[in-house]
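J.: So the chains spell out like this:
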Amino acid sequence: MKKKRLIFLISFIGLILPLFLPAWADGLEDFKDLLYDRYGIDAYGFLEARGGLRLRDDPHEKDASIGEMRLQTDLSRDFELVELKIKFDLLGDLVSEEVDVDLRDLNLSFSPLDIMDVKLGRQILTWGTGDLLFVADSFPKDWVSFFVGRDTEYLKAPSDAARISLFFDLFNVDLVYIPKFNGSVYVDGSRLSYWNPMLGRIAGRDSIFHDHRPDDFGTDSEYALRLTKNLEGTELALYGYYGFWQTPEGVNLLSPVLIYPELSIFSASIRDALWGGIGHLELGYYDSRNDGSGNNPNIRNSEFRFLVGFERELSQDFTGGIQYYLEYMQDYEEYERHLPDGMNKKDEYRHVLTLRLTKLLMNQNLTLSFFTYYSPSDADGYTRPNVNYSINDQWTVEIGGNIFFGSDDHTFFGQFKKNTNAYASLRFSF
Amino acid sequence: MKIMKILLIVAGFFVLGLSVHAQETPSVDEIIDRTNKAAYYAGDDGRSKVMMTITDAQGRAREREFNILRHDVSDGGEQFFYVYFQKPSDVRKMAFLVHKHIDRDDDRWLYLPALDLVKRIAASDKRTSFVGSHFFYEDVSGRGVAEDSHEIVEVTDEYFVIKNIPKNPGNVEFASYTVWIDKNTYMPMKAEYVDKSGNKYREVEALEVMEIQGFPTVTKSRVRDLAEGGETVSKFMDIEYNIGLDENIFTERYLRRPPREAR
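Here the protein sequences line up with chains A and B, keeping their order. Following the numbering used here, the numbering of the first sequence begins with 1 at its first residue and continues without gaps. Following the numbering used here, the numbering of the second sequence begins with 1001 at its first residue and continues without gaps.
There could be a bad hint or two in this list.
[To be verified] Residues from chain B shown here face chain A by an in silico Cβ test under 8 angstroms; the list is partial:
| id | residue |
| --- | --- |
| 1 | P1088 |
| 2 | E1138 |
| 3 | D1139 |
| 4 | G1142 |
[Claimed, not checked] Dumping the calculated DSS-like pairs for lysine-lysine here, alpha-carbon to alpha-carbon at most 25 angstroms:
| id | chain 1 | residue 1 | chain 2 | residue 2 |
| --- | --- | --- | --- | --- |
| 5 | B | K1119 | A | K32 |
| 6 | A | K359 | B | K1235 |
| 7 | B | K1037 | B | K1049 |
| 8 | B | K1037 | A | K359 |
| 9 | B | K1119 | A | K229 |
| 10 | B | K1235 | B | K1093 |
| 11 | B | K1037 | A | K32 |
Calculated directly from the structure, the hints in this document are not laboratory data. Ideal Cβ placement from N, Cα and C applies to all residues, glycine included.
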C-alpha cells in the first residue's frame, strides 16, 4: 500500500509539474547553459505523461494498458579524446506499480586509430534495412513497450556491449561483443495476455511465464559482425551473429521453464534508390543450433528469413512504404512428426505484409501515421495508427492505438487480440 | 600547382573586372552558371551555423538551429552536405546526410540517435519543406540549372533579371520564377515564384550579404509564403570556407559519431 501511495504521489507531482513549467522553463534553459559553460556537460531530455486503456475486455489483465510518468535525462561530455554519454529514464509506472530507473546509455566513445571507432558500455544497437521487421538485427527489442504504445524509441532495448568499427577503403567492419546475453523483453503475461501452448488458451497474469536466461558473464556471450560497403549509393552489407534466440524460443518441460536456445544468423542486405524511392532486400539464415535436425519439438527450428521493401513519396509530405516478409521453417517434416498431440501446428511458411503511410501537415508539425502488419498465412495482423502534434518547440501531444486482430488465438499477432489498446501522451522536451 | 591556382584566380578576377567594365551582358547560360557557383559552390567546402525562425500564418514562431557542412566533389557538380541539429531538443543530435547528384535523385540519410538507426530517405521530391520551414530542400542545396529554361527579361543598373520556366512542369508547384541577380557578385538577391494561374505566391530574398574570405555570402535570408501567410528567416553564422573537410565526414561513420566541425 505504501508503495502505491508513493507511486501516486510521484505521478501526481509529475502531472502537475508541467503546469508550472512555462514559469521555470527559462530557468531550466539557464541551468543547462550553466552545466555546459562550467562543466562542458550537454544536458537535455523530456518529461512525459502517457496513459492508455484496453479497448477489449481482457479477464487476464488490468484495464490500463499503460499509465506512466517518465523523465528522461540525457547527459554527454566531450573530453577531447573520449566522449561520455549517460541517458536514463526515471519511470513511475502505474500498471506495474513500480518506480524504476531505466538506464539506456552509459558509454564511452573514442577513436584509438584514424580508421577505428570504439563504443564501450550500455548502448542501443541497430542495423539492417527493415522497417519494424528484423532479419539481420539480432539486438534486443522491447516488444512490450512497442505493443503498449510507448514511443518507438523504446522498441530498442539497450545492450551492454563493446562495439568496434573499422573503416577501410574497401569496406567497413563492425564487431559487437556482448559479454553477457541480454535478450529481448517479450510478452510474458504480466502486462499483456498471450497464447499459452501448455494451457491451450490465452493466459495473462494468471500464468506468467518464467524463463531461464543464459547469464554467465564471459561464457553466455553474443558476437555480431557486419561488413558494409557503399557503392555510390548502393548499400551492401553482410552480417553474422553467434549467440542465442533473443526471445525464449524453447522450453524445458521438466522445470517447466522457458529457455533461450543457441542461435547463429547469417544474413545479407542491399539498399538503394529505386523508382524514385528506396528499395531494400534482406536475407537471413537462422541456425537454431540446439535443434539442428528439427526433431526437438521444444526448440524452435532453423529458418530462412526473407524481407523485401519499397518506400517512396506519393505526394508532397506523404510517404508510403510496403514490405513483404517470409519465415520459412526448415525440417518441417521433422517438426510435424514430433509435434505433440493437441499442439497447434505452425505453418511451414509464415508470410507477412506491411504497409506504412505517413502524412505531414501544418508545416510538418502534425504527423499522421499508419503502420500495419498483415499475415495472410496466419490470418492475423497488427495495426498502429498514430497522430503526433508538436504544439510548439517544447510540447508534443500524441494519440495512437495498437490494434491486434486474427481469426485464431494461437497465431503470432492473433494471440494479442485482447490487448488492443489506445493511448495518449503529453511530452515536454528540454 | 598552388601558384597555378592563384594565377588562375587572379586571371579570373581580371576577366571578371574587364567584363563588368565593358558593361557587356553575358549570355544567360553564363549568368546562370556563375550564379549557381556563387550561391552554392563558394570555396571547395564550407561550414555555417544556421538559425531559423519559422513563423506560421497565425504568427506562432518556432526555432531551428543546426550546423551545416558542405563539400564540393566538383565545382558546379556533385556535393555532399552534413547537417547536425541542435534545436529544438526533440531533434537534437540527429544528423542528416545528403549526397547531391546532378543527373539523378540525391541520396539522403537521417540518423536517429535514440534508435541508433540510419534511415535512408526517399528524395524524389526536392520541393518539400526542409525541417518544417518555408525553405525547400532545393533552396538549401540548389536547383539543378538544367531543370529550367532561362531567359533574360531585364538588365537594370544593379541586376540581371532572369525568368526561369521548368522543363517538367508536372514535377514542380510553380509555373515560373524570376530571379534578381546582383551584377557584381552574381548572387541571387530575390526570387519570385508564380503559380499556374499567374499569381505570385512565394518569395525568397537575401536580406544580408557579406564578403567572407573573399566570397560574397548570404548571412540572412527569408522565404515568404504569400498565399497562405507565414515566413521563415534564416541567419547564417560562424561561416568558414576552405577548411579542408575530410570527404569521409560525409559517410555513415560520421552520422553515428558527429565530426567536431559540425558540433
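J.: Taking the hints in turn, state whether each one holds.
T.: Now for the hints, and whether the structure bears them out:
Interface hint status for P1088/B: upheld, as the beta-carbon distance to the closest one in chain A is roughly 4 angstroms, under 8 angstroms. Interface restraint check: E1138/B against chain A, minimum CB-CB distance 13 angstroms, threshold 8 angstroms, status violated. With a cut of 8 angstroms, the hint placing D1139/B at the interface with chain A is violated, because the nearest CB-to-CB distance is about 15 angstroms. Taking 8 angstroms as the C-beta contact cut-off toward chain A, the hint placing G1142/B at the interface is violated, the least distance being around 19 angstroms.
The suggested pairing of K1119/B with K32/A is violated, with an alpha-carbon distance near 30 angstroms, which exceeds 25 angstroms. For a cut-off of 25 angstroms, the pair hint linking K359/A to K1235/B is broken: about 29 angstroms separates their Cα positions. Note on K1037/B and K1049/B: the hinted pairing holds, with a Cα-Cα distance of about 20 angstroms set against a maximum of 25 angstroms. With a C-alpha separation of about 35 angstroms, the suggested pairing of K1037/B with K359/A is violated against the 25 angstroms cut-off.
Straight-line distance between C-alpha atoms of K1119/B and K229/A comes to about 16 angstroms, which keeps the hinted pair within the 25 angstroms bound. For the proposed pair K1235/B and K1093/B, the alpha carbon gap of about 20 angstroms is at most 25 angstroms, so the pair holds. Only pairs whose Cα atoms come within 25 angstroms are accepted, and K1037/B paired with K32/A is rejected, the gap being roughly 40 angstroms.
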